[in-house]
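Enquirer: Those sequence lines, one after another, are chains A and B.
Heads up: the first sequence at position 61 corresponds to 61 in this note's numbering, and the numbers run straight through without jumps.
To convert, count from 1 in the second sequence and add 181; that's this note's numbering.
Incorrect hints may appear among the rest.
Derived lysine-lysine pairs resembling DSS-like cross-links, with alpha carbons at most 27 angstroms apart [stated by the list, open to error]:
no., chain 1, residue 1, chain 2, residue 2
1, B, LYS334, A, LYS171
2, A, LYS171, B, LYS337
3, B, LYS214, A, LYS3
If you're looking for bench data, these hints aren't it; they were derived computationally from the structure.
Note that the coordinates shown come from a computational prediction; the quantities given were computed from them, not determined experimentally.
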Amino acid sequence: MEKNVTLIALFAALIAALGLIPQIALPFGVPITAQSLGIMLCGTVLGAKRGALSVLLFLLLVALGLPLLAGGRGGLGVFTSPTAGFLVGFPIAAFVTGLITETWRKGSLAVSAGVASVIGGIVVLYLFGISGFALVTGKTMGEATVVMAAFIPGDILKAAIAGMLTAALAKARPASVLSRV
Amino acid sequence: MISLTSPVRTRAHAWPAGAKLAALCVATVLLFKAQNIWVHAGAFIGMLALYRLPGPVFFRAGLRALKVLWPFVVMLAIYHLVTRTPYVGGVIVLRMLTAVGLATLVTMTTQLSDLIAVVRWLATPLRGVGLKTTYLETAIALVIRFTPVLLAKGTKLIDAWRARSPRRPGWRIILPFTVLALDDADHIAEALRARGGFDAMET
Chain A
1 MEKNVTLIAL FAALIAALGL IPQIALPFGV PITAQSLGIM LCGTVLGAKR
51 GALSVLLFLL LVALGLPLLA GGRGGLGVFT SPTAGFLVGF PIAAFVTGLI
101 TETWRKGSLA VSAGVASVIG GIVVLYLFGI SGFALVTGKT MGEATVVMAA
151 FIPGDILKAA IAGMLTAALA KARPASVLSR V
Chain B
182 MISLTSPVRT RAHAWPAGAK LAALCVATVL LFKAQNIWVH AGAFIGMLAL
232 YRLPGPVFFR AGLRALKVLW PFVVMLAIYH LVTRTPYVGG VIVLRMLTAV
282 GLATLVTMTT QLSDLIAVVR WLATPLRGVG LKTTYLETAI ALVIRFTPVL
332 LAKGTKLIDA WRARSPRRPG WRIILPFTVL ALDDADHIAE ALRARGGFDA
382 MET
């Protein structure tokens with residue numbers, strides 16, 4: 001039990017740290033903040049339930065006013081801002097990503113974790129993110145999708161990286177990759 | 182780390198956190214119901230007045246928190262000018278600014294310990310059915326303690342990369358970074374167990 005709680009807490013801290021460290025470069029040199037990569041890793045490493053709990057814990061601390069979102073944002077204001085839909089989608093994205101990683105056990109972990117990250121961390125997450133943007137800014141779903149589409153290519157790269165990282169973590173620390181324990 | 186709380190102590194700090202949160206919920210629901218631009222203009226000016234009441238230092242800190250919204254304001258302004266719907270655009274922009282402003286106001290004037298007390302109070306029904314909320318309270322404390330620790334470790338990894346390469350730090354550093362977090366989780370779990378674990382904590 002202690003290990004479950006500390007893993008959930010440390011991954012919540014990791015999501016925050018990934019959003020706050022200086023930007024890092026993707027394979028093609030695109031600078032990104034790695035926060036959404038943290039959400040994907042929560043699912044692929046901790047599994048559906050613990051991954052979602054970890055993201056919920058992270059969001060609770062953001063709501064309590066800690067500046068943990070990328071760029072040092074936080075507080076209750078972010079939950080009424082145009083990007084609030086993404087925050088609502090975060091735990092569900094981690095859950096779906098984790099569920100797919102847990103159930104799809106055939107073949108390489110890198111592939112299943114990568115595909116799980118695309119479905120959970122992009123399809124599910126953007127569904128919520130686009131709906132939230134449409135709601136707050138009074139736009140149609142189509143218009144909101146056009147605005148958000150610019151961020152999708154970067155997120156596909158992140159999903160591929162999440163897949164590779166999960167496979168590497170399973171080799172480095174097999175006992176801690178709970179989605180496959 | 183930067184803080185989102187107010188640089189000065191205001192009268193609102195003494196008000197109960199639960200009441201402020203409840204009032205915020207009501208205000209946000211009302212804002213999303215109202216469609217008249219004058220209602221929104223009034224609410225916006227009222228929100229600014231609330232920021233101005235505790236003095237200029239507080240006002241400037243509040244404006245800094247609202248500044249992150251400017252790309253959205255610009256984008257919405259252009260969109261609604263192009264589509265010739267300035268009335269709707271005005272409602273949307275004012276509503277967004279007021280809603281975020283009011284929520285930030287609650288964050289600025291409420292201490293973290295007061296908000297955690299509200300979380301503990303909200304979790305009361307869980308304790309009633311026998312669930313231990315010690316887990317949640319320990320986890321909150323761990324995140325607050327270990328975010329700066331992990332941040333420092335991540336910054337060191339980036340420095341180490343920069344010492345060896347002229348290029349920007351790549352995604353590869355995330356692997357050792359995550360391994361460090363997993364190891365920390367192991368060590369903390371061991372330390373908690375050595376001290377009796379969750380069974381030894383008072384509920």
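Enquirer: Are A:LYS171 and B:LYS337 close enough, with their CA atoms no more than 27 angstroms apart?
Expert: 24 angstroms, holds
Enquirer: Hey, B:LYS334 versus A:LYS171, does the alpha-carbon distance stay inside 27 angstroms?
Expert: 22 angstroms, holds
Enquirer: Between B:LYS214 and A:LYS3, is the straight-line Cα distance small enough, at 27 angstroms or below?
Expert: 46 angstroms, violated
In terms of the numbered hints stated before, the structure departs from hint 3 and from no other.
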